[in-house]
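Protein sequence lines, in the order shown, are assigned to chains L and P. Following my numbering, the numbering of the first sequence begins with 1 at its first residue and continues without gaps. Following my numbering, the numbering of the second sequence begins with 1001 at its first residue and continues without gaps.
Certain hints may be false.
To spell it out: a stretch of chain L is covered by chain P in this simulated footprint if at least three of its residues, at any positions, have a beta carbon under 8 angstroms from a beta carbon of chain P; those stretches are [to be verified]:
no.: 1; segment: 17-29
no.: 2; segment: 32-38
no.: 3; segment: 49-62
no.: 4; segment: 146-152
no.: 5; segment: 173-187
no.: 6; segment: 324-337
Restraint ranges, calculated between C-beta atoms of paired labels, are given here [claimed, not checked]:
no.: 7; chain 1: L; residue 1: E479; chain 2: P; residue 2: L1338; range: 41 to 51 angstroms
no.: 8; chain 1: L; residue 1: K464; chain 2: P; residue 2: R1221; range: 47 to 57 angstroms
no.: 9; chain 1: L; residue 1: E226; chain 2: P; residue 2: R1402; range: 14 to 24 angstroms
no.: 10; chain 1: P; residue 1: L1338; chain 2: L; residue 2: G120; range: 55 to 65 angstroms
no.: 11; chain 1: L; residue 1: R193; chain 2: P; residue 2: K1333; range: 27 to 37 angstroms
no.: 12; chain 1: L; residue 1: S125; chain 2: P; residue 2: K1215; range: 50 to 60 angstroms
no.: 13; chain 1: P; residue 1: K1273; chain 2: L; residue 2: G399; range: 25 to 35 angstroms
no.: 14; chain 1: L; residue 1: D2; chain 2: P; residue 2: K1215; range: 32 to 42 angstroms
no.: 15; chain 1: L; residue 1: D74; chain 2: P; residue 2: D1371; range: 44 to 54 angstroms
no.: 16; chain 1: P; residue 1: G1277; chain 2: L; residue 2: G20; range: 43 to 53 angstroms
no.: 17; chain 1: P; residue 1: K1215; chain 2: L; residue 2: K446; range: 28 to 38 angstroms
no.: 18; chain 1: P; residue 1: N1169; chain 2: L; residue 2: G407; range: 27 to 37 angstroms
no.: 19; chain 1: L; residue 1: K7; chain 2: P; residue 2: D1143; range: 29 to 39 angstroms
Rather than coming from a laboratory, the hints here were simulated on the basis of the structure. A virtual CB, placed ideally from N, CA and C, is assigned to each residue, including glycine.
Protein chains: 2
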Amino acid sequence: MDEFAKKKGFFWQGSEIYGGLAGFYDYGFNGTMLKRKFEGAWRRYFLGLSENFFEIEPSDIMHEKVFKASGHVDGFVDPVAKCSKCGTQHRADHILEDFLHESFEGMTPEQLKKVIDEKGIKCPSCKGALKEVYVLNMMFPVDVGSGKKGYLRPETAQGPYVNFLRHFNLLRNRLPIGLSVVGKAFRNEISPRNLTTRMREFTQAELQIFFDPSKVEEHPRWGEVEGCKLRLLFAGEKEAKDVGVEAALKAGMPKFYLWHMAKVQQFYLEVMKVPRGSFRFRELSAEERAFYNKLHWDVEVDLPSLGGFREVGGVHYRTDHDLTGHQKLANQKQEVFLDGRRFMPHVLELSFGVDRNVYALMELNHEEDGDRAVLHLPAAVAPFQVAVFPLVNKDGIDGKAREVFEGLRKDFDAVFDQSGSIGKMYYREDERGTLYCVTVDYDTEKSKSVTLRDRDSKRQVRVKLRDLPGALRGLMAGEIGFEDAGDAIKPSEPKKKE
Amino acid sequence: MDEFAKKKGFFWQGSEIYGGLAGFYDYGFNGTMLKRKFEGAWRRYFLGLSENFFEIEPSDIMHEKVFKASGHVDGFVDPVAKCSKCGTQHRADHILEDFLHESFEGMTPEQLKKVIDEKGIKCPSCKGALKEVYVLNMMFPVDVGSGKKGYLRPETAQGPYVNFLRHFNLLRNRLPIGLSVVGKAFRNEISPRNLTTRMREFTQAELQIFFDPSKVEEHPRWGEVEGCKLRLLFAGEKEAKDVGVEAALKAGMPKFYLWHMAKVQQFYLEVMKVPRGSFRFRELSAEERAFYNKLHWDVEVDLPSLGGFREVGGVHYRTDHDLTGHQKLANQKQEVFLDGRRFMPHVLELSFGVDRNVYALMELNHEEDGDRAVLHLPAAVAPFQVAVFPLVNKDGIDGKAREVFEGLRKDFDAVFDQSGSIGKMYYREDERGTLYCVTVDYDTEKSKSVTLRDRDSKRQVRVKLRDLPGALRGLMAGEIGFEDAGDAIKPSEPKKKE
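Go ahead and model the full structure; you've got the sequences and the hints to work with.
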């Protein structure tokens, strides 16, 4: 994936010409389009879940007190094992994971040290002894102005929390309200790894839903998810199973939480087209999850290149932990008065790693076909929807093609290419997942039509220029099949000059 | 503007509940929508200028060598005057500007010290003596991992430079190519001020255009800008004047540069609808501009709240300064081989402050009308295009209104409101610049029509539900006038139940 991503303009190590900076990646032009498209699809879907869900943009650097209140200054630490010979600091649970193929998340330094001693684990770099295990804070501190301390946020979530009350008033005192942030977060990981899935600077798309805790057993639109079968891996179990939302309800999971889980699953299966077998929710045990999370299910996608199911998001019932923390430290009431009661809202957090999802989409949709690659990305996220080529770069064909391109780019994510043979240009578009290719040829002027080619079936049809935008729209919406797009169903070779 | 922005959900001081962090602002839900819309309009326009312009996303934190090569480690400094009594550090040129109402940009600490002494300027905080004037580096350093040094980028531009060669190859060795970044930049300003127009964390939208310097006197699409009159304030002059591109060409400005200036002006006058008298390019003198900029014109907009014309962007001919710096320090050739020659591309940079433009759009379009405010934002950036209300919250009217809203939100930036009288809801939408309001009333069910209201004229027409999307699209594109939108031209009061 590393090589493919680099060669095809998706992503590569940041500051590459200076030997790179570990944990930072730069997205190239194809990767950036894919990322923007994912963010757009995410916004449309999740902000579309309610008319009371909105995006906000708090700053990346925040006052240190924000993270004192949230617990990050004291508790956002990773366990580190230091080599007494070469001095390298390793993430203690990760080296155990690598050696023993089990999860050691959530263990204390003392527990980890015990396992290291028992199993005789040595420094992976130099085989030296790992004598010390301690914790390091993962936030990046920043000196602001002359002497004030701030931090680059380690999660986008605190922005919505400290801005909650202002929005509650602006939105005229109603609940639930949702405040979303799509933006950067920064964590000084001890050992960043697995390409863009564990970075020191990464993009989150998070939605914080503030609600009345006395209504956690209700959802006014429950009917929309009735009959939905969730893919659930319960803590302590080995296999995910299908569990109907009604059964989950009976087993004690709250309705408000379940409704959102069902919507998250729908996003993955129906919008991102993730195969059902490659998707699951994994329940975190009490040891694994943050102490303030009453319920915590990770969203996981099966990524063989990383060794199996990996976290790409999470559904967290954070209760009133954060608002209560800010109320205390800022000494400002964060409670609301609603329906005749004064209370602290609870928070349900839907959290997604944008880079991880982009990576997952690339891996899930990547197909090797001999020496060719095709990225079968769903229509919602394909970097480019349509590419336009001239059959040849002469006889006015290239000018006509450019004209078709200029017409299409107003309404579509379109790209123009004129370098190389049609076959080569098709392959290049397949590699970055472009949905359709349009070729302008010698017939175009007379017949007012072009050849339209489908990425997945590789079939071609002839389409009238005036029908082209409608055909593309219908195809992407899944309203018409590829055969219906043209006047001719038979695959047609681009014609040579008569 | 401060109060308005805060009360109406646009922006306010970051980390506000902890007393704020100077130089950081949080955008509320209306401000975020406006900012996203500006970014979208910017991308559509500037990336639409050429099929070879693309967006990339390099990381915010980069290797320290990136900024050694660019000159930022040594030269990205601001002059500071320190009070010998209270110890406060002030931006030396800014305090002079405040006292003497002239620009002191680009002066050395020695020159500034001389003016301070001559004019007897004291500390603005405590009237103490300003004995020391020196420079401070404005970058935020970051410790990465165990011991590596990075910086939060002070401009987005270096990302495209260090990624240029990879993209030149990916895009199959052609020039010009443009690499754009829309993202955060960070500067530890001594004295951040003027709300969101001089912050420590801000968003830039920049386009770096790499071209063959031997072709600086050419542009293949020169015809598109022929006859264009630029608003230019030459260095040393007091008043901007209209200068035709042909005359500017004769005066020695290069064609490639002028073409892009004309396109920048078109963006402001035609897309952002900035009045011609409120727009100008200002030429920076040799002392004011960075030494590597061969040509440097700021884009300025007249903002009375900030004292007059203020910089919102710039057109910079950066030559080969950055690529040469990276070639040297990274010891990696950055030259290209094209048209039989080996050479170092030159860079034309189009640079914009997103927050400054958002601020400018708010101020330029803000109208006070008694105790009401209207934000006459152009269609391209209005946070919401259409708001939907029920006339009353009963008799199924609210359900029908929600249905109309759900139908519209698929294709438009739509918002739903049902709190308060129709008049109050209209005012609220006017304040955030919503273009059109749709009211569903008792007639809607029978006549299949709604009342459509125009923000700027406050006129109302009746529109058939099936015509509504088309009418909105036509209105926003400026293809139809408001009278053409409905079946009735006369302003109609929402009807009461019969």
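Here's how the hints hold up against the structure:
1. 17-29: Held - the segment 17-29 of chain L has 13 residues with a Cβ nearer than 8 angstroms to chain P, which meets the minimum of three.
2. 32-38: holds (count 4)
3. 49-62: holds (count 10)
4. 146-152: That given contact holds, which follows from 4 residues of the segment 146-152 of chain L lying within Cβ reach (below 8 angstroms) of chain P.
5. 173-187: holds (count 4)
6. 324-337: With 4 residues close enough to chain P, the hint holds.
7. L:E479 x P:L1338: 41 to 51 angstroms: holds (45 angstroms)
8. L:K464 x P:R1221: 47 to 57 angstroms: Violated, since K464 (chain L) and R1221 (chain P) (Cβ atoms, about 29 angstroms apart) do not stay within the stated range.
9. L:E226 x P:R1402: 14 to 24 angstroms: holds (20 angstroms)
10. P:L1338 x L:G120: 55 to 65 angstroms: For G120 (chain L) against L1338 (chain P), whose Cβ atoms are near 59 angstroms apart, the range 55 to 65 angstroms holds.
11. L:R193 x P:K1333: 27 to 37 angstroms: The hinted range 27 to 37 angstroms holds for R193 (chain L) and K1333 (chain P), with Cβ atoms some 31 angstroms apart.
12. L:S125 x P:K1215: 50 to 60 angstroms: Since the Cβ atoms of S125 (chain L) and K1215 (chain P) sit about 51 angstroms apart, the hinted range of 50 to 60 angstroms holds.
13. P:K1273 x L:G399: 25 to 35 angstroms: holds (33 angstroms)
14. L:D2 x P:K1215: 32 to 42 angstroms: holds (37 angstroms)
15. L:D74 x P:D1371: 44 to 54 angstroms: Taking Cβ atoms as reference, D74 (chain L) and D1371 (chain P) lie about 48 angstroms apart, which means the hint holds.
16. P:G1277 x L:G20: 43 to 53 angstroms: With a Cβ separation near 50 angstroms, G1277 (chain P) and G20 (chain L) satisfy 43 to 53 angstroms, so the hint holds.
17. P:K1215 x L:K446: 28 to 38 angstroms: Holds - the Cβ-Cβ distance for K1215 (chain P) and K446 (chain L), about 36 angstroms, lies within 28 to 38 angstroms.
18. P:N1169 x L:G407: 27 to 37 angstroms: This hint holds: roughly 30 angstroms between Cβ atoms.
19. L:K7 x P:D1143: 29 to 39 angstroms: holds (33 angstroms)
Going down the numbered hints, you'll see the structure goes against just number 8.
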